[in-house]
Every structure is written in C-alpha cells, then in structure tokens.
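Go by the hints and put chains B and C onto chain A.
Listed here are the chains, written in short residue letters.
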Amino acid sequence: MSETGKRLEALGIELPVRDRKGKGVVDASIVGDVMYLSAQLPVDENGQPVYVGKVGADLDLDTAYKAARLCGLNALAVLKDYVGELDRVDHVIKVLGLVNSAGDFSSQPAVINGFSDLMVEVFGYRGQHARSAMGAYALPMNVPVVVEMIVKLR
Amino acid sequence: MSETGKRLEALGIELPVRDRKGKGVVDASIVGDVMYLSAQLPVDENGQPVYVGKVGADLDLDTAYKAARLCGLNALAVLKDYVGELDRVDHVIKVLGLVNSAGDFSSQPAVINGFSDLMVEVFGYRGQHARSAMGAYALPMNVPVVVEMIVKLR
Amino acid sequence: MSETGKRLEALGIELPVRDRKGKGVVDASIVGDVMYLSAQLPVDENGQPVYVGKVGADLDLDTAYKAARLCGLNALAVLKDYVGELDRVDHVIKVLGLVNSAGDFSSQPAVINGFSDLMVEVFGYRGQHARSAMGAYALPMNVPVVVEMIVKLR
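Residue numbers (this note's numbering), protein chains in the order written: chain A, 1 to 154; chain B, 1 to 154; chain C, 1 to 154.
Rather than coming from a laboratory, the hints here were simulated on the basis of the structure.
Just so we're clear, the structure is a prediction, and the values are computed from it rather than from any experiment.
Glycine included, every Cβ here is placed at the ideal spot set by N, Cα and C.
Treat each hint with caution, since some may be false.
[Claimed, not checked] Listed below are several chain B residues computed to face chain A (Cβ distance under 10 Å; list not exhaustive):
#	residue
1	His91
2	Ser106
3	Asp117
4	Ala133
5	Tyr137
[What the hints assert, rightly or not] With a Cα cut of at most 30 Å, we get these calculated BS3-like pairs of lysine-lysine:
#	chain 1	residue 1	chain 2	residue 2
6	C	Lys6	C	Lys80
7	C	Lys152	B	Lys152
8	A	Lys152	C	Lys80
Chain A on its own, in the form it takes in the complex (with noise of 0.2 Å):
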C-alpha cells in the first residue's frame, strides 16, 4: 500500500468508487505536469446530492464544513481514478470553493476548510494552497457548496 493509502487508511477514510463521465465535460483535465479537477460536489456514488440547500439559512456551518468535506472526499477520489496513487500528487496548488449562501451569511472561508482541512490531513504539507471562497446565488441540484481543485503531479 502507498505511503497516501496508509495514511488514508489510519484516518478511517475510504474514497467513493467512481465513473468517469465520458461526455464533453470530464472529470479532471492535465496538461504537462498540472491537472485541473472538474468543480465537486457533495453527492454518494451515485451522483445523489448528500446535502442540499444555502448555508446561512437551511443549513449551519458545521453541516456545511461536513459538505465541504465531501467535496474533498471525491476530489480524492477522481484524483486516485486519474493516476492510480495519491502519492502522484506533488502538492494541491489552488482550490476554489463556492458557498450557496444566504443573504447575510460571511463566513464562507469557514465552510471550505472542510475541504482544505481534509488536503492538508492527508497531504500533509503538500495539501496546503492559494484559495478562494465566495458565496453563490445558487448551484446546481441546490447543493450547498462546490470546490474545485488544481493540483501538481509529480
């Protein structure tokens, strides 16, 4: 097992399985030694939303952190699709997070730490990176946040 998959194992996370989607729009996209992730959502395996609604108002922080977290989980998971090990990952280079936000909800940062927390979990250092998170009007199948990942492979 990769050094990754040890300690993916030792945090108890197990990634979704996944298909690739074969249209005109795919999953991840690499030129050179950079590969772009497709935005992520926070559904099951079967690509059924887990959570719905905006964050401020049908949803809390905490529930949207565990949503962000999600989002993560499946970056992994297509990123271990495209390249067999996680160990390929040189280092996260830039994540951009959407938070489908109530009015007066500000704390969107504090949502797409699901995501980086869970990065730098299992990166380690190499899982820090650039970052911005906004708030969305909406999104598609009113989930409450997507994030979207470049990474380096190595």
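Chains B and C alone, transformed into the frame defined by chain A:
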C-alpha cells in the same frame, strides 16, 4: 483551409469578427503553451448583449443554452484572432461558466452545456474539458451567462 | 532600488506589511514559474475589512473601485513577500474578480478596473491580463469585492 476551418464550415458556423481591446484587460493571455481567455459574454460583434436577464425568471433553459453557445462562438473567435488557426488548439483544459440565476434555478450545468457541446462539435475529443458551472447573482450588462476557458496550444 | 520599486515610489504607493498565514490555506502557491494568489480582500494589515457591503446598495461604484484597488495593493504585497522583488513578475496572466452585488448592479467590470488599472500602473504592458468579473451573492466578512490573480515569474 485548415481541418478545423473545414469542420466549422461543415457545421455552418461563421465566427464573429472581433477587435482586441488593448487596455488593461485583454481577451487572452498566453503563458508557455497555455492560453487563458477572458470571460466571454453572449454579445454581438459590437459588444452589445444578444441575451439579457436571469435564467429561470427572464429566460428559459433552452434560450440560456443558446446564449452559452454564443459565448463559445465568441471564445472561438478570440482563439482564432490570437493563434491564427484553430488547429493550433491542442485541447480544451478547463471551463468555468457562471449563470445569472433566479434563486430557485439549479440547472447551471445544462446551460453551460451550450458552450461545452460546441467545443466537442468543433474539436472532437480534444474539446473535452474539466468544468465548473455555478450560479451568479449578477453579471456584467445583465447577461444570462459568461464563460471563461483555458486551452492548451500546440 | 529595483525598477518596479522605483515606479511604486513615483506613484506614491506604499505596500501593506503582511504575515503569511501558515495553515492549510496559504497566500500564494507556485508551480514552475506560475504563481497563484489566494483571493485578496480589501482589508488592512491586520486583516480587518476597510470596506463592507453590497455594491449598488451600500457602496457606490467609485468606492467599490477603491476597494478593488486595495485588493490589488494587497496582491502586490503578497507578491513582494513571496518573490522579494516585484521585478521578478514577468507578467500578469489572469484575474478573477467577484463583486458583492445588489441584484440590479451590472457594472462588475468597472469595479474590477480598480485592480486592473493598478497592475498596468505598476507593471506597464506586462500588467495586462485576461479577466473575468462577476457578481457574487455574498463574500467573506461582507466585503464588497475579492480578486484573485495568476502571474508568471521570471
């Protein structure tokens, strides 16, 4: 005529004529063999919006799909303007689409398919890309959709 | 003093002093000679917002332009912090600006010009960039604008 030029002709697609802006903001920026396009709007060759309003309130999904396709045509026009021949596009890397959404509209991906489908029509499998589709609260000139793109050149 | 340093002085621009965050999220991430900056907010050197509210309701365009310029100053401070001398910036690649917008505000590009104009003032034609400017429904700490940037180093 280039291979992609022939395909455009076969598809009956005529690209709009455009002028570069030549100010602080330019239509595209190249680093190495990666080109970043500025957000494309559903505007005519004079920069006037062809579509306006919020999707799910002022426009329906089908109309918004067409607006996203027009963003794609404008993106192809920028590409052609910068690199001369669309054959120089190795592949589409990443697309970010923002949909000016009514509060209860959550089919942003179906709108941005208007852009993504065009890329696959024109470039085939090289048009496949990672993507994020989100709902914006407001967009420049109240257009229903804007799309930005990153492509790899060869 | 470096060439860019002299230009900053001639422009009467003094950059804020900043500390790196050193957590999961960092201010910037470098891959090859490309640097991704985290979203910059219109905050003072203690991270407190200098501007708050929605553009078109709580703030007018001129004030929002100034807020975007402050995002730009903070971006320059991050750049300087990471690479030592701003002369090491080869050119600005891409800017994404989000404006905390009232529902009927649609001049997001005019706001983000506060950021873009600064880059051209400081870097000249090397400050020109591809850009997307969009309306967000909510932003961290209810700031009126956040801007992220990608630059090429040399």
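Comparing the hints with the structure gives:
{"no.": "1", "hint": "His91", "verdict": "holds, 8 Å"}
{"no.": "2", "hint": "Ser106", "verdict": "holds, 5 Å"}
{"no.": "3", "hint": "Asp117", "verdict": "holds, 6 Å"}
{"no.": "4", "hint": "Ala133", "verdict": "holds, 6 Å"}
{"no.": "5", "hint": "Tyr137", "verdict": "holds, 4 Å"}
{"no.": "6", "hint": "C:Lys6 / C:Lys80", "verdict": "holds, 14 Å"}
{"no.": "7", "hint": "C:Lys152 / B:Lys152", "verdict": "holds, 16 Å"}
{"no.": "8", "hint": "A:Lys152 / C:Lys80", "verdict": "holds, 23 Å"}
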